[in-house]
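*Asks:* Produce the entire structure from the sequences given, and follow the hints as far as they go.
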Amino acid sequence: MSYQIVKQHSEEDCGAASLATISKYYGKTFTINRIRETVGTGQQGTTLLGLKRGAEALGFNTRAVKVPLEAINKKAIPLPAIIHWKGYHWVVLYGKQGNKYVVADPGSGIRYLEKKWFLEAWTNGVMLLLEPDPVRFFTQEDEQEKIGGFGGFLRRVWPYRAILAQTLLLNSVLGLLSLASPFLLQILTDDVLVRGDTQLLTSVAIAVIVMHLVSSSLRLAQSNLVAHFAQRLQLGLIFEFGRQILRLPLSYYESRRSGEIVSRLEDIQQINQLISQAVVNLPSQLFIALVSLSLMLFYSIKLTVLAGAIALLMTLSTVIFLPTLQQKIRGVLVLSAENQGVLVETFKGAITLKTTAAAPQFWEEFQSRFSRLANLTFRTIQIGIVNGIFSNLVSSIGSIALLWFGSTLVISQELSIGMLLAFNSMNGNFTSFIETTINFVDEFTRAKTATQRLTEVIDATPETLDNSQKPWVKIQSNADITCTNLNFHHAGRVELLQDFSLTIPGGKVIALIGKSGCGKSTLAKLIADLYQLQSGNIRFGIYNLEDLSLDCLRQQVVLVPQDAHFWSRSIMENFHLGSPHITFEQIVQACQIAGADEFISNLPDKYQTVLGEFGANLSGGQRQRLAIARAIVNNPPVLILDESTGALDPVSEAQVLTQLLTHRQGQTTILISHRPKVIQQADWIVMLEKGQLKIQGSPEVLCHQPGEHLDFLDGVDLSKVNGFAKNLSNFHLNGSSSTSIR
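So the sequence shown is numbered by this note's numbering: it starts at 45 and just counts up by one.
Quick caveat, the hints were computed from the structure, so don't treat them as lab data. A couple of the hints might just be wrong.
[To be verified] Think about it this way: if two alpha-carbon atoms lie no more than 30 Å apart in a straight line, the pair counts; the simulated DSS-like pairs of lysine-lysine are:
hint, residue 1, residue 2
1, 559, 569
2, 96, 68
3, 96, 110
4, 734, 96
5, 68, 140
6, 68, 119
7, 734, 650
8, 68, 118
9, 140, 130
[Stated by the list, open to error] Pair ranges (Cβ atoms, derived):
hint, residue 1, residue 2, range
10, 272, 585, 51 to 61 Å
11, 664, 114, 54 to 64 Å
12, 71, 617, 52 to 62 Å
Glycine included, each C-beta is placed from N, C-alpha and C at the ideal position.
*Replies:* The structure is reproduced here in structure tokens:
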């Protein structure tokens, strides 16, 4: 029986690849990327809940069970199924074949395991049973044409058809010129040397010189055309990749390692090399090989049959080693991307590495990871070496056999010496094509894996498909933000918000409080349209969030995270990245309000100071003040500060908030914080608990109401709460209703 398997693209893809394997078993092909999005694969992999939900979304009926081994032996459960492997991996169990269990491991391939080894890996008995729904599963869109992706990439070659036509023409002419060499060799041997014709010898010598001059000139032009084509093709792929990366949602970045995404640029180089060879070199070499083969048949059918048999033997080792070679190359690419991700993480976490004395452990992991990569690369190279040696051995023995058999034909006067030498030269053209094809298989294997990995990015679902058709409107500063029946969860995770309703008063200062993980930051990102709701809607005054363009929202609803990012360029350039038309005066004013102008003025180059990577030459508090300044430079009607002053000392924090809120009077400002001194700045307080509205009200009222919220309000000076809050007397418990206030 032939068992289906879909290989993983990275170590966290095992769950998605297992589900793709079972889908393929039942006749449907889905891309790894589609399944990743469906099951919610993150940087730590896929949960059982995510697999169950994702499989149901793809049309399966599922059951998560814990079964004994006897149930498999007695075929009491439907197989194939997904099982939990070694406590950290997902694989597909096909069943039992003889005395061995058949497991499709997305990381290593089909495995046949004895009972002892099977039970050592399947320790918890957890299994996800899947059966395709007759209606829902078979109506799913098949994505077979997206697997591999070469069709799409070859279509990208079409705009360069003029360059390709010229290149192919030059290659063909060069090939035909190379065919002149065997005939000149035959003339030199059979006519010049035998008859001693010096005049003909001079003519042949001149012909060879002219041929080489013409060939060199054409090769120069051909090389320039190939380089031009390769450069434009690679640049086009890089631009497409870059444009797509910038259009992807936040969830895409959060679910993948940065090194994994960066490694896709190396994949582009692999693809570019393959396409350049496939569309430029192979067609012309095939043409020359066919012409040479035809002439070889004209010279001697017997010798041509022998040459064909030798060529067949040369390709035999490639066919034998191809499956193993594909697996090894895929492993090298996946492990290389993972190692690159670890290096990026190590660099970004350098301070933690130093302060926790974790360098020895990271050094051990570094050695282990790169030793594994080196060993895997070496085994891959070994396969190539064995393949190459076998091919060269067959080629060498074949050449001797051809020379021996050809000599017998010369002795029997079926061929002349010149004809034998000409045949040998033409056979070189034919053999060269075979060797190029063998080498091409290796590159094809690498490029196919690279294409699948790159296609995963290019075919990923962007933030919005019809953003250009949505209107740009002015959101009023005093517009209420109304959240109605919001439901949200990260794919493959439990619900974060369930039927959540809340009206945030416009033009006021609102504090979102609650324990870590209660949904505060999630709600903020939903309001900023960084996450997509499962259901429900959010309105800014009369406008539904779903009806507005992303540009409209991102410019008017600004979220400042706790760890703001800055690029390695000047402070001015960092401000201009999001707001290219702002003036220097606006930047300075925003920095003064955020308390950043003082430290900027002490920098050597003031606002032209180049920030280090990730703003490394600034303190945490300086980065936060600069981030607030960047957020308010365009005076957005809605500003969300998510722990955005946590790195400031209490005095600086109070000063920055006082200046900021004074500047933003009449505009909506949402503060997410655990600090009482920050919370007391609010007109209205909203407390969340486990994704639900727990309580809301003014600081003055809530301070006298018993409950867990007092833990967050301890130390609030009621004499300093905003005057607006002092006039409020209504509040709501347990989220029983939404409230709009003025």
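*Asks:* Would you mind marking each hint as holding or not holding in the structure?
*Replies:* Results for each hint:
Between residue 559 and residue 569 the alpha-carbon distance is near 17 Å, which keeps this suggested pair within the 30 Å criterion. Restraint check for residue 96 and residue 68: the C-alpha separation of about 17 Å stays at or below 30 Å, so the hint holds. Between residue 96 and residue 110 the alpha-carbon distance is near 14 Å, which keeps this suggested pair within the 30 Å criterion. Proximity of residue 734 to residue 96 is assessed by CA-CA distance (about 23 Å); at most 30 Å being required, the pair is judged to hold.
Taking the CA atoms of residue 68 and residue 140, the gap is near 20 Å; set against the 30 Å cutoff, the hint holds. Between the alpha carbons of residue 68 and residue 119 the distance comes to roughly 21 Å, so the proposed pair stays at or under 30 Å and holds. Note on residue 734 and residue 650: the hinted pairing is violated, with a Cα-Cα distance of about 45 Å set against a maximum of 30 Å. Between residue 68 and residue 118 the alpha-carbon distance is near 25 Å, which keeps this suggested pair within the 30 Å criterion.
The straight-line distance between the Cα atoms of residue 140 and residue 130 is roughly 19 Å, inside the 30 Å bound, and the hint therefore holds. At roughly 55 Å, the beta-carbon separation of residue 272 and residue 585 lies within the given 51 to 61 Å, and the hint holds. Restraint check, residue 664 to residue 114: a C-beta distance of roughly 58 Å satisfies the suggested window 54 to 64 Å. Hint check: residue 71 to residue 617, Cβ distance near 54 Å, so the stated range 52 to 62 Å holds.
The structure fails to meet hint 7 from the earlier list, while all remaining hints are met.
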